[in-house]
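Trainee: Take a look at the letters that make up each chain.
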Amino acid sequence: MPTSFKFETTTAPSTSSVLPESSRHGVQDRVKQGPATRVAEELTTAHPLEARLAGWENSQLGIKLHMQRRVYGLHAPMRTMMELQAVGQTPSLLNSRASQIQRDILLGRDETFDMSDLYNDCSEVELDVHGMLAAKLNV
Amino acid sequence: MASLKPGEANLGTTIMAVKFDGGVVIGADSRTSTGTYVANRVTDKLTKVHDRIYCCRSGSAADTQAIADIVKYYLDLYTAQHDEPPTVSVAASLFQEICYQNKGHLMAGIIVGGWDEQNGPSVYNVPLGGSLHSEEYAIGGSGSTYIYGYCDKTFRPGMSKDECIEFVKNAVSLAMTRDGSSGGVIRTAVITEDGVERTVTYGDQLPQQYLG
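Read top to bottom, the protein sequences are chains A and B.
With the UniProt record's numbering applied, the first sequence corresponds to residues 1 to 139, in that order.
With the UniProt record's numbering applied, the second sequence corresponds to residues 1 to 212, in that order.
Please keep in mind that the hints were generated in silico from the structure rather than gathered at the bench.
Glycine is no exception: its CB is placed at the ideal position from the N, C-alpha and C atoms.
Ranges of calculated distance between the beta carbons of each label pair, as one might list FRET restraints:
#, chain 1, residue 1, chain 2, residue 2, range
1, A, G131, B, S131, 45 to 55 angstroms
2, A, H75, B, G180, 46 to 56 angstroms
3, B, G195, A, R79, 31 to 41 angstroms
4, B, Y73, A, D114, 14 to 24 angstroms
5, A, Q85, B, G203, 52 to 62 angstroms
6, B, A80, A, G55, 26 to 36 angstroms
7, A, G55, B, D152, 43 to 53 angstroms
8, B, H133, A, A135, 56 to 66 angstroms
Put together the whole structure using the sequences plus the hints.
Mentor: Below is the structure:
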């Protein structure tokens with residue numbers, strides 16, 4: 001939770017790595033990540049703006065929470081976050097943008113219409129079906 | 001302190017606010033430039049952040065719009081919570097906080113002018129570094145450097161509303177003549193307890209001056 005009106009709270013952008021420390025087995029997981037040719041695109045450094053845009057929603061929410069803390073008191077941002085968590089963010093196969101209506105109402109986005117409502121949002125994390133089933137069945 | 005990033009729209013400008021007994025007169029030119037191209041020649045740089053509180057924006061157009069949005073949002077919350085309009089000093093303090101805490105990333109010079117019941121009319125200047133100055137009158141923007149002498153000589157405390165409007169129009173038009181980043185029309189607003197009167201002074205109505 002931010003404690004000031006500072007816009008930029010993160011510093012350096014993160015870079016991808018296929019080093020043993022970053023993956024469980026130390027080698028590439030062909031099932032999840034595909035064949036070896038993808039290593040090249042993972043190692044390119046990102047534009048400094050990418051990290052900022054990736055965290056945009058969160059940073060804007062952070063500023064609003066800070067504002068609530070200032071105006072309404074210590075409890076207000078906690079209540080907002082509690083409501084957002086109660087609405088549920090569990091990734092499930094059935095979750096789509098349309099079914100996030102409760103979250104949209106809480107965030108004040110229910111009466112706005114933007115690109116992601118019109119077009120399919122390709123930036124959504126692809127559901128890791130293998131991983132989910134493996135965790136569920138303890139494999 | 002940041003400078004304009006490549007491609008950013010510059011609100012290189014002349015802004016001004018003058019306090020009189022009963023209200024505040026604010027004025028600005030109307031030019032927004034991206035390099036030498038005038039992106040908007042009828043810009044409205046006088047932004048309402050609350051019913052009786054306006055801010056004059058100079059510097060980067062994007063930065064000042066974003067800051068004004070945040071302050072407007074905050075003042076709406078404030079009104080909902082306290083059940084009364086905020087004072088001008090609350091708005092000015094907020095502008096100051098945001099400008100100072102994000103000093104390295106913003107280029108925003110803002111003048112806040114308004115009326116509230118507690119203190120009457122007030123003018124606050126929040127220049128580039130994020131300091132806060134309460135003044136009788138304030139000028140800002142790139143064009144203001146050309147009119148410091150004129151303003152210091154002409155201003156006297158205790159002017160009437162019409163004298164203040166005259167003062168603002170004369171000063172802004174002098175700055176517009178000499179500063180390349182200022183031009184267009186002069187937008188003025190008079191903020192009093194009873195409301196806000198907005199006017200536009202077009203090119204042919206600008207005060208006469210020597211154009212040598």
